[in-house]
Amino acid sequence: MSQAIRRKKVFPWHIVVFLAPAVIIYSVFMVFPLLNSLRLSFFGFTPDNKEFFVGFQNYVKLFTDSTYAPRFWGALKNNFVFFAIHMLVQNPIGLLLAALLAGGGRGRNFYRTILFMPTVLSVVIIGFIWQLILNPLWGVTEGLMKMVGLGSLFKPWLGLPESALIAVSLISVWQFVGIPMILFYAALIGIPEELIEAATVDGASRWHSFWHIKFPLILPTVGIVAILTFVGNFNAFDLIYTMKGANAGPEFSTDIMGTLFYRTFFGQQLQLGNPAMGATVAAMMFLIILTGVLIYMFLWQRRVTTYEL
Amino acid sequence: MSDSSPVRTATFTYRLRRFFGSLAPHLVLAGYSVFALFPIFMILINSFKTRKAIFGAPFELPNAQTFSLIGYETVTKRANFAQYFINSTIVTIGALLLILLIGAMAAYALSEYRFPGNALLGLYLSIGIMIPIRLGTVGILRLMVGLNLVNTLAGLILVYIAQGLPLTIFILSQFMRQVPRELKDAARIDGASEYRIFMLVLPLVRPALGAIGIFTMIPIWNDLWFPLIISPSAKTATITLGVQQFLGQFVSDWNAVLSSLTLAMVPILIFYIVFSGQMIRSITAGAIK
Numbered sequence: 001m002s003q004a005i006r007r008k009k010v011f012p013w014h015i016v017v018f019l020a021p022a023v024i025i026y027s028v029f030m031v032f033p034l035l036n037s038l039r040l041s042f043f044g045f046t047p048d049n050k051e052f053f054v055g056f057q058n059y060v061k062l063f064t065d066s067t068y069a070p071r072f073w074g075a076l077k078n079n080f081v082f083f084a085i086h087m088l089v090q091n092p093i094g095l096l097l098a099a100l101l102a103g104g105g106r107g108r109n110f111y112r113t114i115l116f117m118p119t120v121l122s123v124v125i126i127g128f129i130w131q132l133i134l135n136p137l138w139g140v141t142e143g144l145m146k147m148v149g150l151g152s153l154f155k156p157w158l159g160l161p162e163s164a165l166i167a168v169s170l171i172s173v174w175q176f177v178g179i180p181m182i183l184f185y186a187a188l189i190g191i192p193e194e195l196i197e198a199a200t201v202d203g204a205s206r207w208h209s210f211w212h213i214k215f216p217l218i219l220p221t222v223g224i225v226a227i228l229t230f231v232g233n234f235n236a237f238d239l240i241y242t243m244k245g246a247n248a249g250p251e252f253s254t255d256i257m258g259t260l261f262y263r264t265f266f267g268q269q270l271q272l273g274n275p276a277m278g279a280t281v282a283a284m285m286f287l288i289i290l291t292g293v294l295i296y297m298f299l300w301q302r303r304v305t306t307y308e309l
Numbered sequence: 001m002s003d004s005s006p007v008r009t010a011t012f013t014y015r016l017r018r019f020f021g022s023l024a025p026h027l028v029l030a031g032y033s034v035f036a037l038f039p040i041f042m043i044l045i046n047s048f049k050t051r052k053a054i055f056g057a058p059f060e061l062p063n064a065q066t067f068s069l070i071g072y073e074t075v076t077k078r079a080n081f082a083q084y085f086i087n088s089t090i091v092t093i094g095a096l097l098l099i100l101l102i103g104a105m106a107a108y109a110l111s112e113y114r115f116p117g118n119a120l121l122g123l124y125l126s127i128g129i130m131i132p133i134r135l136g137t138v139g140i141l142r143l144m145v146g147l148n149l150v151n152t153l154a155g156l157i158l159v160y161i162a163q164g165l166p167l168t169i170f171i172l173s174q175f176m177r178q179v180p181r182e183l184k185d186a187a188r189i190d191g192a193s194e195y196r197i198f199m200l201v202l203p204l205v206r207p208a209l210g211a212i213g214i215f216t217m218i219p220i221w222n223d224l225w226f227p228l229i230i231s232p233s234a235k236t237a238t239i240t241l242g243v244q245q246f247l248g249q250f251v252s253d254w255n256a257v258l259s260s261l262t263l264a265m266v267p268i269l270i271f272y273i274v275f276s277g278q279m280i281r282s283i284t285a286g287a288i289k
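Quick mapping for you: the protein sequence lines, in order, are chains W and G. Residue numbers for the first sequence, in the numbering used here: 1 to 309. Residue numbers for the second sequence, in the numbering used here: 1 to 289.
One or more of the hints may lead you astray.
Here are the simulated BS3-like pairs of lysine-lysine, each with C-alpha atoms no more than 25 Å apart in a straight line [what the hints assert, rightly or not]:
#1 Lys77(W) x Lys61(W)
#2 Lys52(G) x Lys155(W)
#3 Lys146(W) x Lys52(G)
If you are wondering where the hints come from, they were derived from the structure by calculation, not from laboratory data.
Only chain W is shown next, with the shape it has when bound in the complex:
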């Protein structure tokens, strides 16, 4: 005690007490495993599980080895397709629905609640639901298409290598469209009425006032939606694992980084799991996501003007 009093200020123990639990749990269960995982991507394992340093060998293997490289480049390509479909379908539909909801009028709360509903369900449930709905055995989709005279166009999309990835992506879009919708909606209703009224008085059409006044004002949200989509897509796993299993069939046509990571780390029927190569795949996912986040922070956020409304 006397020592503490002699000092000018008592050491602020309460700050340590407030911060310690969060800093310790976050560091031990998130930061340390992440760094350790990155470190392991530079190591190999002996049969008796001892680590040895291999430099960039795991990466070279991932990019060029005949067992790993086709899967890696395939998953990377598929993942970009998966992301592109979300950007081109999910986010524009989200924006459209948000604009309609923000238009006001009766029933808007009801619509909002319904439209966001699939988003809160587990991806596992959504995956199985759509597997059943698209199943040719049950014939629900085919039946519906026949009703409108399009029965001949039905195909078992999930089972065909050329359409499975698109089908799975669109199911993911169906589920998560609620997120861009609600974020755009929040941004749109934040725009002051006076701005729009002034434009309407000046004779601007609704279409014109949306694209020339509202859209530029919600550009910051466009960026947030894009980066959230990017991070979510390059980290996705559950839907493909549920619908197509760890092998992401048919013929790896729905394989994305998340399923590749799982297979490499845990193994599959013919191949044993490999923690070092798993860590290497995870490190590549980390690099991709980090690149996206940095582009967002330094190229997008700095250029887009945020208007204080």
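Given chain W's structure and the hints, the job is docking chain G onto it.
Quick look at chain G alone, frame taken from chain W:
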């Protein structure tokens, strides 16, 4: 907006245009709502039908002849859904309460006190907002093996706390900065300890705590990845993992598949319908951005 615009000359064409102008959004929204609900609805109604009716008349509601609970009987006999449900509840509630408490404490320290490294610590804690915790899975599994936490609910809870803290701290510290300084200083003059003042501030950010709570809960409840990797045993499986494994085994038993999907969906749907107003309000009010 069109409703509140100044009344103009109500010519016939204008009225007509206005009618269609307000009808079109309704049509799109209603059409999309049907599209969003239809698959869920199909699963719900068919889970109460006989196998024959599921295939023979999938679009019809169950009636006296087609009503059957056979799927639910299979599920209750074969799957340990009650256990999975309890596991999910323990993990979700446990992680949620600790995220809110620990996160609020850290957010309070970051927003209230000036100390060297404050900004840097805030930055360090916010890395996890954008970098998904899944990328450290190889390291997490090794750590769990080392700590003997594989196949325990505690292991899952710890991972979810680490996952939930960054965003919680980030949002709560913004809210805590808005709590008036006079209030805290008055308490200090009255001789209250710093811990006591924290307890005074906590109720003032209750709306933010509620919003964060709802948005933290759903991904934890729905997560498949970590239960699959660090606690896959039958005793510790969560409902999401349990359903996934059950469905994998019973793929061809349509009654059981539809019933288990319904059972897995209903709790979340009820929770959502009860809290949807608050959830959506919290986003639109800017609590979560």
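Evaluation of the provided hints:
1. For the given pair, Lys77(W) sits about 18 Å from Lys61(W) by alpha-carbon distance, which is consistent with the 25 Å threshold.
2. Note on Lys52(G) and Lys155(W): the hinted pairing holds, with a Cα-Cα distance of about 24 Å set against a maximum of 25 Å.
3. For the hint linking Lys146(W) to Lys52(G), the alpha-carbon distance of about 21 Å falls within 25 Å, and the restraint holds.
Comparing the model with each earlier hint shows no violations; every hint is respected.
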